[in-house]
Amino acid sequence: MEMRPANWLQRLLRTFLRDDLLDAVEGDLIQLYQRRRKTMGRLRANTWYALNVLGFFRPFAWRSLETIHWMLWFRLRLFTRSVRQERFITGARVVGMAIALVVVLTTVQFERQHTRFDQFLSKKDHLYRVNLLATFEEIEGTELGTSHYRMGPLIQDIPEITAVTRVFDSQSGYLKSDKKAFFDRALFADANFFEQFDFPLEHGTADRVLTQPHGVVISSTLSQQLFGDANPVGKPLTVRYGSWIVNPESKEAEAFVSGVFERVPASHLQFDLVTSFQTPNTLDSVKYSGPVVSTYIEAAPDARQEVIESKLAGFYPTHHETLSDMYQPVLQPISDVHLGSASIDSDPLNHQKFDRTYLYIFRLLSLVILVVAMINFIQLTQGIQYRRMKQDAISTALGGSKGALWIQTAFETLILVSMATVLAVLVLTVVQPWMDQIWGLKWNLVALLSMPIVVGWLGVIVLLTLISNVLKPALPTLSKLAASQTTGTSWMSKALIALQLSMGFGLLAGSIVIYRQTQFMLDQNALFAQPYVLQIPMSEDAKANFKTMKSALQGLLAVESVTAGSNAFGGIGGLDLKVKTGGEEKVLILPTLMVDPDYLDFYDIELVEGTHFTPDGKQEFIINETMARQFGWDEPIGQQIGFAFGRPGKVVGVVRDFNYNTLHKKVEAFCFWNTAYYRVISVKVTGANIPETLHAIDNIWQEHVGDAPFSYTFLDDDMRQQYQAEVTTNTLIRYLAGIAIFLAFIGVYSLTYLVAKRRMREASIKKVLGASVSHLVRTFSAPVLVLFGLALFVALPISIFLLENWINTFAYRIQWPVYELVIGGAGLLVVTVVAMIVNILRLARVNPVETLKE
Amino acid sequence: MKRNTIGEFEELVLLAIGILLDDAYGLAIMDELENRTNRTVLISSVHKTLVRLEEKGMVQSAMGGKTAERGGRAKKLYTLTADGKEVLQHVRSLRNTMWEAIPEGLWK
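Which chain is which? The protein sequence lines are A and B, in order. Here the working numbering is used: the first residue of the first sequence is 362, the next is one more, and so on. Here the working numbering is used: the first residue of the second sequence is 5, the next is one more, and so on.
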């Protein structure tokens, strides 16, 4: 038998060697190869052959550029011709891939924006937040993002802990020097705060700025407002903190600037001002109140999280007699705080927190969309290849290599995907401001096109080329071609269609379920999402004058009612309460809202037992049903309950359970206390002429409060903030579902369009032989319907499994939406069938004379 | 451009073509050179030199017959042109005159 070198090596030589040398060189090399095969094995002979081929990769032997240029031009002609013949199909290929790219890039950017939180911290691998995990029966499993002020110094003795930092959020207030500047959020922190969290400092050094009493570190923005460009370090000013807990006498405190920090990077901590815990007479109430500070520890480099946690476990029994064995401190790595705190209550210092699960959902959905778009692309490529079959068969018969057909596919894929890329970049540029507005997505396209993305995208191109070529219809021989016979569709491409349809169904089902669940969570808050309820944060002056201001506000015609409470819903923290249950007194941290007596009326909270607060009553508590049940109070009215550091009080009423914090969690024990620690005024106004009403409220505000700014939010906006992750997901999912259905539609439509074109002649012959239109429709649609059934069969169990897992993570969840899923499946069926029927009708209606005369 | 200066390897290739006469193609030339010089000669270098010599007009080529041994590829057969022969002779006479100019005493 004749011995030849490996085929691909021969082809390699032919790609670059100039034509006039080909005979001479290849002949010589084959001769050499055969000589070597007599003395050595195939592998070594081939290796020698390969080395010889490489030896010819020298300029003297290269094809001239002119030839290459001509080949390119030829390929371009082939390409433009098929584009011109199939404008619709080309458009569908480009648009599909562009949509997929837009979705993928958006998801990548979204994910990047959220995973970047706290990544700038140089100690991020060793910093942990100490959370409290409730271990006592009544609220077991609840995790708090906050802890007791007293815990910090005590756990410092554990050898694996090298540093402890505590942070307290004292909310808004103002600074005064010659000018006055208001801030949204001030933090109190231990002296080593800037050493542990290396937020960049503009003036001052990290180890010194918080060591002196009365020193405040301010943002460069505040510094600019108060002192202009001058270095403010050492300048005196007065501060007024917003939190009653910091400053019970509501006095302005003397202070001086000890440092200036630059803009705060992406972090769960966001602030305008930091004051040292060293400052005297400020934090007495924080020090003795419940878990209101966030405690962070730095672990020794080799310390393991579990080891520290096991040592912390013994902390409460030893050091905190009143709270013995009720809480267990647990550690949360700092880079997990932003994305891993969805189920954590009492989490005041967690800016824009997001739920990691939603990131996974987006990632999965965009991947599915990319795959659907790729399948579309491949199928349409095949369709085009069918159309070109005659041309390709002839060119192969005339000695054109199969490699040339590969190259042609690769070339076309490259051009089409490049066009899609340009289109996607254009679309992204246009919609960017809008995405920023809805989802807070900001990006720089250049930065987005990083190495992994470019490589991934090139991978997609290679994959598209490979699969298109592998699935390419087998070329008929010339004799078959002459007889107008074509080869059938391969089972692989049928499987692809089924896969595409099942993914389409999965996307649709997933979108419906996720949309329903997120919508459900938003609707559950309808109670508090009443329109036209203003939430106005109170300054100390406002608190002092609340009664007079309230009656003035109620005097306005457009104001329906006014009330006040210690927190807005969603941000309700725990308070140390002393409760008498089963004959013994316990101190428990329970979510408590300190309210104005008419608060329950204002929010329509239903009382099931007992009475409302009396207008001038003191130490009255109204609890929810869960609390009554958990404490085993058969007769809740009159039970003893009170602030742990104050006088005891009594339960006067019980309200029906309602969701006051987050729907990720079950309703827990909760109570209202009628005491005047208000921080937020709620004003219900009529919907008519809101600007004028706001103006009137502002006037009353200035009259009673002085120059602190009148700022307000609408309650439904706040709720939307609280459920930011759900709102974002809810809107994104609608677009993704739309995109998925659109892609499935253009996929099915273009495919049947091409098939119809291909089988025109067959249909005509059938008609000539007497087939009716309905018979034709049945014959041609049956295989597609079978595929559709197959797709449903595959998609249904998988999507139900995945969705059920997700749904089960919620304490409050929707009924399994059988109805919607049926509608969804039916919708997809209709879309598919319509796409198919349109084309098959065209096929069935064809005039046989027209088709058959050629 | 015609030049009548050539390098050593070019000279050897021209000589090999002369020796092989009717059957001077790439591989045969390579074999001839390897046998006579006991050096390894790269086939690509041989072809490169042949291309250059043809450009210089010292050899001319014609396609020979196809053989199965060569995978159905034709041989490209080279012959010396008048210029080629002239260059060889020029080189040889140059060497000869220079040899003769060496004083007898050197070899003693």
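Just to be clear, a hint being listed does not mean it is correct.
[To be verified] Computed far set for chain B versus chain A, every beta-carbon distance over 10 Å:
| no. | residue |
| --- | --- |
| 1 | L16 |
| 2 | Y29 |
| 3 | M34 |
| 4 | S49 |
| 5 | G61 |
| 6 | H94 |
| 7 | W103 |
[Claimed, not checked] What follows is a list of derived Cβ distance ranges for each label pair:
| no. | chain 1 | residue 1 | chain 2 | residue 2 | range |
| --- | --- | --- | --- | --- | --- |
| 8 | A | T376 | B | E59 | 34 to 44 Å |
| 9 | A | P1209 | B | M67 | 24 to 34 Å |
| 10 | B | E59 | A | V831 | 24 to 34 Å |
| 11 | B | D27 | A | T376 | 52 to 62 Å |
| 12 | A | W423 | B | I23 | 44 to 54 Å |
| 13 | B | M67 | A | R445 | 19 to 29 Å |
| 14 | B | T44 | A | W423 | 16 to 26 Å |
| 15 | B | E90 | A | V831 | 38 to 48 Å |
| 16 | B | E59 | A | V732 | 19 to 29 Å |
| 17 | A | G1131 | B | A72 | 56 to 66 Å |
| 18 | B | A72 | A | L806 | 38 to 48 Å |
| 19 | B | T44 | A | H430 | 53 to 63 Å |
| 20 | A | W423 | B | A86 | 22 to 32 Å |
| 21 | B | G61 | A | L806 | 18 to 28 Å |
[Claimed, not checked] Listed next, the in silico SDA-like pairs over lysine to any residue satisfying Cα-Cα at most 20 Å (straight line):
| no. | chain 1 | residue 1 | chain 2 | residue 2 |
| --- | --- | --- | --- | --- |
| 22 | A | K541 | A | H487 |
| 23 | B | K70 | A | Q395 |
| 24 | B | K52 | A | L412 |
| 25 | A | K855 | A | Q639 |
| 26 | A | K1045 | A | A1117 |
| 27 | A | K541 | A | K1045 |
| 28 | A | K399 | B | T71 |
| 29 | B | K52 | A | Q639 |
| 30 | B | K52 | A | K596 |
| 31 | B | K52 | A | G801 |
| 32 | A | K399 | B | E73 |
| 33 | B | K52 | A | Q586 |
| 34 | B | K70 | A | D380 |
| 35 | A | K596 | A | Q639 |
| 36 | B | K60 | A | Q395 |
| 37 | A | K399 | B | A72 |
| 38 | A | K714 | A | G801 |
| 39 | B | K60 | A | F421 |
| 40 | B | K52 | A | R375 |
These aren't lab readings, by the way, just hints derived from the structure by calculation. Cβ atoms here follow ideal geometry from the backbone N, Cα and C, with glycine treated the same way.
### Query
Among all the numbered hints in the text so far, which are the ones the structure does not match?
Going through the list in order, the structure violates hints 2, 3, 4, 8, 9, 10, 11, 12, 13, 15, 16, 18, 19, 21, 22, 25, 26, 27, 29, 30, 31, 33, 36 and respects the others.
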